[in-house]
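Number of protein chains: 2
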Amino acid sequence: MKRLIVDMDDVMADATGQFLNYYEKEFGVRVLRDKLNFQDELQGFPEHHREAIYQYTFKKDFFRTMEVKAHCQDVMKRLNDQYDLFIVSAAVEFPNSLTEKLEWLGEHFPYIHWKQIVFCGSKAVVRGDYMIDDMAYNLDHFNGEKFLFTAPHNLQHQQFQRLNDWKEIEERFL
Amino acid sequence: MKRLIVDMDDVMADATGQFLNYYEKEFGVRVLRDKLNFQDELQGFPEHHREAIYQYTFKKDFFRTMEVKAHCQDVMKRLNDQYDLFIVSAAVEFPNSLTEKLEWLGEHFPYIHWKQIVFCGSKAVVRGDYMIDDMAYNLDHFNGEKFLFTAPHNLQHQQFQRLNDWKEIEERFL
Chain G
1 MKRLIVDMDD VMADATGQFL NYYEKEFGVR VLRDKLNFQD ELQGFPEHHR EAIYQYTFKK
61 DFFRTMEVKA HCQDVMKRLN DQYDLFIVSA AVEFPNSLTE KLEWLGEHFP YIHWKQIVFC
121 GSKAVVRGDY MIDDMAYNLD HFNGEKFLFT APHNLQHQQF QRLNDWKEIE ERFL
Chain D
175 MKRLIVDMDD VMADATGQFL NYYEKEFGVR VLRDKLNFQD ELQGFPEHHR EAIYQYTFKK
235 DFFRTMEVKA HCQDVMKRLN DQYDLFIVSA AVEFPNSLTE KLEWLGEHFP YIHWKQIVFC
295 GSKAVVRGDY MIDDMAYNLD HFNGEKFLFT APHNLQHQQF QRLNDWKEIE ERFL
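Residue numbers (the numbering used here), protein chains in the order written: chain G, 1 to 174; chain D, 175 to 348.
Mixed in with the good hints there might be a few duds.
[To be verified] The calculated DSSO-like cross-link candidates involving lysine-lysine, where the alpha carbons are at most 30 angstroms apart (straight line), are:
hint, chain 1, residue 1, chain 2, residue 2
1, G, K115, D, K233
2, D, K320, G, K2
3, D, K233, G, K2
4, D, K176, D, K199
5, G, K69, G, K167
6, G, K146, D, K320
7, G, K146, D, K251
8, D, K341, D, K251
9, D, K251, D, K289
[As the list claims (entries may be wrong)] Covered stretches of chain D, going by a simulated chain G footprint (3 or more residues, C-beta under 8 angstroms):
hint, segment
10, 201–210
11, 270–276
12, 280–293
13, 333–339
[To be verified] In silico contact screen, one side only, chain D against chain G (beta carbon under 10 angstroms); selected entries:
hint, residue
14, R177
15, E267
16, M309
17, N317
18, E319
It is worth saying that the hints were derived from the structure and are not from the lab.
We put the beta carbon where it would ideally sit given N, CA and C, even for glycine.
Take the sequences, apply the hints, and build the full model.
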């Protein structure tokens, strides 16, 4: 069985949408998702608000209440049957995210066993055949085949194969 | 720089000692460490108490208050300067252990960066040059050189090179 490594934030979970939701709640303005395109994370928000926005990641329930990306649940279930599947999330930077991410996975992906979950800092330490991630720097040191999952903050990167949504993951891997 | 992967429980932290402490507190009997030798974890305790003992791992502060193994702090500090060091702990089975382990590392090993910490289920997903672990099944699938760190529950395993304490780690790696 080939080993497939899948990221959580902005691959399985709509982290960008959560930032937009929290921002709207605090500042009363709905920033359009397109405004974030072609820039590193958070750079599309007003500069004097960026530190406040980064602090959302330390707030209770920020990770617990993210929406699941469209078609992710159905496609992941079938990937789980056909691949040696691991969920690898760079979660250690945000200590309170660890149990929230476990609960989130338990709610939306109950068929994923705890043995398949990895919370790390640097992803340079994992190995596999395929990695799907929204961050170019996570793919950089990977030993297998690399796929950049499209997000507003990675549109400027051209060095990787791209998967634009879960329907494309389905086509490529199933 | 060579990548060195080090386990936490019963390598950096005295997990066995913590089981003995909690058992004594509950049942009023100090089980001698030697009684656990040459048997899988917990098998040296009375059979009708084993389920209760396993439940200690879900109790608050079980992981947070473990003692650090002798000479570990000093040796780790120097390993951290000379190796691409990762702490890899199979912690996802015990959700409440995640933040406790982070706090424990922060207290006793403040020089270890969050990027160097990995909490996983199966360790089959990590790669490196050397792995030090007390569990034979964690070493089984590792791609690099394997070292079994001596603990009561692994004395029956003969298939790996052995490191008996942190002085031996110092001699081998520094």
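Now for the hints, and whether the structure bears them out:
1. G:K115 with D:K233: This hinted pair holds, its Cα atoms lying about 21 angstroms apart.
2. D:K320 with G:K2: Judged against 30 angstroms, a Cα distance of about 24 angstroms means the pair holds.
3. D:K233 with G:K2: Not satisfied, since the Cα-Cα distance of roughly 37 angstroms exceeds 30 angstroms.
4. D:K176 with D:K199: violated (43 angstroms)
5. G:K69 with G:K167: holds (11 angstroms)
6. G:K146 with D:K320: Holds, because 28 angstroms separates the two Cα atoms, which is no more than 30 angstroms.
7. G:K146 with D:K251: Between G:K146 and D:K251 the Cα gap is close to 34 angstroms, so the pair fails against 30 angstroms, i.e. violated.
8. D:K341 with D:K251: At roughly 13 angstroms apart (the allowed maximum being 30 angstroms), D:K251 and D:K341 satisfy the hint.
9. D:K251 with D:K289: holds (16 angstroms)
10. 201–210: Violated - the segment 201–210 of chain D has 0 residues with a Cβ nearer than 8 angstroms to chain G, which falls short of three.
11. 270–276: Coverage by chain G holds for the segment 270–276 of chain D (4 residues, Cβ < 8 angstroms).
12. 280–293: Since three or more residues must qualify, the claim that chain G covers the segment 280–293 of chain D holds, with 7 doing so at under 8 angstroms.
13. 333–339: violated (count 0)
14. R177: holds (7 angstroms)
15. E267: holds (5 angstroms)
16. M309: violated (13 angstroms)
17. N317: holds (7 angstroms)
18. E319: violated (16 angstroms)
Comparing the model with each numbered hint stated earlier shows that hints 3, 4, 7, 10, 13, 16, 18 do not hold.
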